[in-house]
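S.K.: Chain by chain, the residues run as shown.
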Amino acid sequence: MYSLSIESLQYSYDGQAVIDDLDLHVKENEIVCLLGSSGCGKTTTLKAIAGLLKPQSGTIHIGSKCVNGTDTFIPPQNRNVGMMFQDYALFPHLTVFQNVAFGLSKLSRADKQKRVDEMLELVHLSEFGNRYPHELSGGQQQRVAIARALAYKPNLLLLDEPFSNIDAQVRFQLISDIRSIIKDQKVSAIFVSHSKDEAFAFSDRLAIMHQGKIAQLGCPTELFQTPKNKVVAEFLGQGIYLDAKPSGNDSFQTKFGLVNSLTKQPLPSEHGKIFVRPSNIELFNADSGEIKVNQERFVGTEYLYAVELQGQQLEIAKPADNPLDLSKPISLKIKPHAVNFFS
Amino acid sequence: MQLKTNLSNWQLTAWVIGICLSTPLAFLIFESLQGESEVFSHLWNTVLWDYISNTVWLIAGVLVLSALIALPLGWLTAYCHFPGKRVFEWALMLPLAMPTYIIAYVYTDLLDYAGPVQIKLREWFNWTSPDDYWFFDIRTLPGAIVMIALVLYPYLYLIFKTALREQSFKLVQASQLMGLSPFQSFLKVSLPLSRGAIVAALALISMETMADFATVHYFAVSTLTTAVYDTWLGYYSLTAAAKISGIMLLFLFVALTLEKMSRKSKVVHERQSSVNDTCLYELNGKSGWIATLFCSLILVVAFFVPVGILFSYAIDYFDQAWNDEFFTYAWQSLKISFYVSFIAILFSILVVFYQRIGEQKSKSLPGKVSSMGYALPGTVLAIAVLLPLTLFDDYLNRWFSGTGFEPGLLLSGTIFAMVFAYVVRFYAIAHGAVEASFVRISPSIDMASASLGKNKFQTLSRVHIPLLKRGILTAGLLVFIECMKELPAALLLRPFNFETLATHVFQFVSDEQLELASISALFIVLVGLIPLYLVNRSMEQQK
Numbered sequence: 001m002y003s004l005s006i007e008s009l010q011y012s013y014d015g016q017a018v019i020d021d022l023d024l025h026v027k028e029n030e031i032v033c034l035l036g037s038s039g040c041g042k043t044t045t046l047k048a049i050a051g052l053l054k055p056q057s058g059t060i061h062i063g064s065k066c067v068n069g070t071d072t073f074i075p076p077q078n079r080n081v082g083m084m085f086q087d088y089a090l091f092p093h094l095t096v097f098q099n100v101a102f103g104l105s106k107l108s109r110a111d112k113q114k115r116v117d118e119m120l121e122l123v124h125l126s127e128f129g130n131r132y133p134h135e136l137s138g139g140q141q142q143r144v145a146i147a148r149a150l151a152y153k154p155n156l157l158l159l160d161e162p163f164s165n166i167d168a169q170v171r172f173q174l175i176s177d178i179r180s181i182i183k184d185q186k187v188s189a190i191f192v193s194h195s196k197d198e199a200f201a202f203s204d205r206l207a208i209m210h211q212g213k214i215a216q217l218g219c220p221t222e223l224f225q226t227p228k229n230k231v232v233a234e235f236l237g238q239g240i241y242l243d244a245k246p247s248g249n250d251s252f253q254t255k256f257g258l259v260n261s262l263t264k265q266p267l268p269s270e271h272g273k274i275f276v277r278p279s280n281i282e283l284f285n286a287d288s289g290e291i292k293v294n295q296e297r298f299v300g301t302e303y304l305y306a307v308e309l310q311g312q313q314l315e316i317a318k319p320a321d322n323p324l325d326l327s328k329p330i331s332l333k334i335k336p337h338a339v340n341f342f343s
Numbered sequence: 001m002q003l004k005t006n007l008s009n010w011q012l013t014a015w016v017i018g019i020c021l022s023t024p025l026a027f028l029i030f031e032s033l034q035g036e037s038e039v040f041s042h043l044w045n046t047v048l049w050d051y052i053s054n055t056v057w058l059i060a061g062v063l064v065l066s067a068l069i070a071l072p073l074g075w076l077t078a079y080c081h082f083p084g085k086r087v088f089e090w091a092l093m094l095p096l097a098m099p100t101y102i103i104a105y106v107y108t109d110l111l112d113y114a115g116p117v118q119i120k121l122r123e124w125f126n127w128t129s130p131d132d133y134w135f136f137d138i139r140t141l142p143g144a145i146v147m148i149a150l151v152l153y154p155y156l157y158l159i160f161k162t163a164l165r166e167q168s169f170k171l172v173q174a175s176q177l178m179g180l181s182p183f184q185s186f187l188k189v190s191l192p193l194s195r196g197a198i199v200a201a202l203a204l205i206s207m208e209t210m211a212d213f214a215t216v217h218y219f220a221v222s223t224l225t226t227a228v229y230d231t232w233l234g235y236y237s238l239t240a241a242a243k244i245s246g247i248m249l250l251f252l253f254v255a256l257t258l259e260k261m262s263r264k265s266k267v268v269h270e271r272q273s274s275v276n277d278t279c280l281y282e283l284n285g286k287s288g289w290i291a292t293l294f295c296s297l298i299l300v301v302a303f304f305v306p307v308g309i310l311f312s313y314a315i316d317y318f319d320q321a322w323n324d325e326f327f328t329y330a331w332q333s334l335k336i337s338f339y340v341s342f343i344a345i346l347f348s349i350l351v352v353f354y355q356r357i358g359e360q361k362s363k364s365l366p367g368k369v370s371s372m373g374y375a376l377p378g379t380v381l382a383i384a385v386l387l388p389l390t391l392f393d394d395y396l397n398r399w400f401s402g403t404g405f406e407p408g409l410l411l412s413g414t415i416f417a418m419v420f421a422y423v424v425r426f427y428a429i430a431h432g433a434v435e436a437s438f439v440r441i442s443p444s445i446d447m448a449s450a451s452l453g454k455n456k457f458q459t460l461s462r463v464h465i466p467l468l469k470r471g472i473l474t475a476g477l478l479v480f481i482e483c484m485k486e487l488p489a490a491l492l493l494r495p496f497n498f499e500t501l502a503t504h505v506f507q508f509v510s511d512e513q514l515e516l517a518s519i520s521a522l523f524i525v526l527v528g529l530i531p532l533y534l535v536n537r538s539m540e541q542q543k
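So the sequence lines, in the order shown, correspond to chains A and B.
Numbering-wise, UniProt numbering puts 290 at position 290 of the first sequence, and it's gapless, one number per residue.
Numbering-wise, UniProt numbering puts 484 at position 484 of the second sequence, and it's gapless, one number per residue.
Chain B extracted, bound-state conformation:
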């Protein structure tokens, strides 16, 4: 009897969390299907198709370019030996830490008409006006494709490299012995065997590309993300924004389905190899240096140039950038991130624990429902969160009307909205990490604890949580960092006069004055490096 009541409390908790976290998405779907909106019909009849086609081209371009960068890099670092390989193997992940709005800004600054590159060219060739020569304009759709691909290619690189390393080297050796050149082996063996992993990575990249707001906004390339943003901030039409978000949900659905399917088809191969097999191909002399050059080029362009320029800004403008604003916004960012991490971790422990002890068939459902927010782009998420919150505030104010008490925008106009949105978005990270460390605890531990007279809560607090400490800390850290970087949701949800580091930096990017926020920008990049370090360390441990 004791057990029964216990269990139903856990079940109730898990389901309440699940319902809370999935409410925004439910509202969004409902609103995008039901609501009537003049703004939306107007957009539909005029520019929306351009936005859709821009979005499609953006995604297609980023996918192709990422593949061109990441597949050779993955193959080189997984199979070949060349000068600097050990360093490149992890360094090539660094661009992931670079927010797109920073890299986009830096390259615009560098390559614009007034930038140092064009000035030097004009000096050398004695050109005097823009009519004398042609130079590509970076603030275009192709420019945005290059910027986003430079930051997102590491997903494909990492997943493809891991897939290659998991395949038995002997398959490639066998194909070699049957007369295939290394390139033919790549095409006929490695590539088809990694198809599932590649599709999964590309689905991930397309989701991230669609979610990107800063680059396209800054480059004035209109896509669905910017449309959601403009519709809300320009027309204040939540319904229209929800309807555009609905179109994005369709895209997301396709990407997620592809990802799911590719996971299913994945064939797992145990790698059996001896010490000598640390590399398949020894790239000596010229070919080795070409490989080194290619890796360095990508790394320099995608990471070291932007970071270097940020550093030079930070040094030149130190007095202006090192100011009270930096500390205020850093503190606000840290605070929000801390709240969100704490709540996400708490929720995920409760939900995962119910998953562990529950006996219902539906026991994994709350976790799945809660994790759905992760796929939502920041702008879409913001709209989704605003829908229920404004409705609630509306009711609340009507309820109190006439009493003289005005609660105002209690939920939608305070940091509650931001914290809620962040928890919805990043819960999945916490859930995944906590779940992964929970499964490592043998079920017999639970039984031992029960046999020693401890109830479920005591087991959780005295046995599981101490065992999970490391996993919980890592999960919390990952959520924390994502919160620090999150931009579009913050832009739409922040209370009046409230800035985070990211919105602060973006503000200065939009005003073409990143120099003045360079320390904040560097700080964001630095924080973004932490998860890369963690990922790299866990991969090293697996070797």
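Isolated chain A (complex conformation):
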């Protein structure tokens, strides 16, 4: 039983497919991240789930209830989903307490009071019930937003880039706080982001979206180590493609020497390219070497060296205590890793 199932979802705007035949299944009490660059259709998907827009075709089930189908369109107010907005969308004319109580109109006064108190305690804002949103810090506003979205026990929680307005220093603390609140409330959540760091920290599984489709769905390590295609590989980390020819079933011949793969895979025989991230490349001083460093940059814990390899720019790090001597020849080698080969 899934808490959310989307099948063959299709949505076009001005003749352009924004969501293109999308399938997605979210398990109970699971946090799934829709990750992608802007315009990939992730926020549109979220809105379709919430009912804030109407897809042209496809089905959406929340739990066992069909909310969107051929002849069905349940309006947002009857879907019982919670949503946290990028700008939090707290009602500026209501207090924190009234904001959290907003969705609880069906409860009795006493039950309402009890539930709001419970929620405010959960987000550590019990003292702030009488404040107005503009009297709170960004992080506090965000916790009010999560309390409000969870107060009426939604079947599904949707989060639209909720961390993008938070300062970098406190962002990851907040991400882990909110993750544990969601886990604690045993609710499934869909989280939309364009930042892979947030996605890795927040979600159980992530779906990389590209041009209205899900390019790959899986847990973070899986996606990072075995991207199915170039879109996924490139999105998850800066890297370059090097011409490569398979040699044997676990190594590749490149211009920079033989690269050993830690994963064994059935290898095609033709030429292709391997995708290499900077972390797998090592620069070193040698007696002879062709590598030209364009720029050296010190960033505290390490040095970064800008180089150009087969027409592609990238920065490769060296520990601060072991820098390169730029007056001497430089060479590079590619460390053994789980190689991604694309023909």
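Incorrect hints may have been included.
DSS-like mimics (lysine-lysine), calculated; alpha carbons at most 25 Å apart, straight line [as the list claims (entries may be wrong)]:
(1) A:K112 to B:K188
(2) B:K188 to A:K153
(3) A:K106 to A:K186
(4) A:K245 to A:K273
It should be emphasised that the hints constitute simulated quantities derived from the structure, not laboratory data.
Given the structure of chain A, go ahead and fit chain B onto it with the hints provided.
M.R.: Then chain B, alone, in the frame of chain A:
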């Protein structure tokens, strides 16, 4: 040293303008508090309370009806998608161009016993006399409420729609996701969030309602405005008229205070939304057509019926309406409007420029003082202007008495009085527009000009004015149009045998012969459409 003398000249100019433009109001307040008047005591003991209560009911009625019309319209056009929405969005402002005396006349003509509607009804139902049936009488207080609300609702519509659009759509979406129906969201989210804007718009509408003279005069509903008019033209008692005006000033004060307070409480929200958020609710099928019908109904009743009827008059009576009078009065109106725009613009540039370069704490005071005239209803303004001018003429004539030279009513009996009154009233428009374009010029421009050896006057004439050209033209145009439309002040201040288009049309309205002035009336409506076009264009640009 050079700088100092320069500055004090600018300061002097600004203050002279400020004092000139605020003199009438000062005289009015003084006279209404000090003067003794038998006429006023008589009125106070007899009919004045009826006038006050009529005024209060008129304002209350117009506010309620405007809200009933404008709030749904604002919500529909800001949040919903329905057939014709794009057109309605601007078309719903059109009634603002309709002077109330024209719409009042047209509907009286249409709905009177002798009008086509009642004639048709009598034909259908075989009624023969007024005793056979009941039909509402439009020339009453409720009738006046409907007429005025139909013309003034666009203020609330425009302000409310803008307020809704400025609010983040996400607030409404959030309330929806928490189980609220669209109507509940409107009541619990949109309405409270727009409270400040709504109060401000209602204050504006109540001020305009109180200032309206033509409809109530034509419908013979006695309010404070008509009382001022009648007291002056009937009893020639300036003091009594000033005292009644004083009561109106109290009303104005309340409205202005409300408006000020509501501005303060306004919470500004940045709207963050993507392309998909051009509408919140898609009104399909029946509900969409109901929305279209509602918008069309208001628009047809408030604008297209009166304009259509004016057109049919103009065609039927073309030979009589297209005459020398039209051209004479049009020319006189244009002339006066041109003088006033020119003076208002000149004054506002001088005052705003002093505001910019002045170093005194009081530098914005002349502008504020000068702008106070805008809130004054035309009749009140006329009385306020007459007070100092008649006093001056009086002195002047006494001064020359015995010399054989009689200056006569040099100021109060010539178009000087009209021009002065108009400048007092419309200065605020020019000031606002010029100020708005002045702030867009970065202060570093002034410094650059000074560093290149230009003095203040050279900076103003060679740098600022060329940069302000567009703003100045717009401001001038707005003042010009207001002058073309202004009626009550003109009625009270025009020299003997002098007519503007507005007084000309009103004359024919009073004589139940609007047909003969229909071209003039159409012309006034047409001129009134220009500022709507300008407002609409600037709103489109902001999107």
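S.K.: Run the distance test for K245 (chain A) versus K273 (chain A): straight-line Cα separation, threshold 25 Å.
M.R.: holds, 8 Å
S.K.: Hinted pair, alpha-carbon criterion (25 Å max): K106 (chain A), K186 (chain A). Please report holds or violated.
M.R.: holds, 22 Å
S.K.: Is K112 (chain A) close enough to K188 (chain B), meaning Cα to Cα at most 25 Å?
M.R.: With Cα atoms ~18 Å apart, K112 (chain A) and K188 (chain B) stay inside 25 Å; holds.
S.K.: Given the hinted pair K188 (chain B) and K153 (chain A), is their Cα-Cα distance within 25 Å?
M.R.: holds, 21 Å
Consistency note: the structure conflicts with none of the earlier hints.
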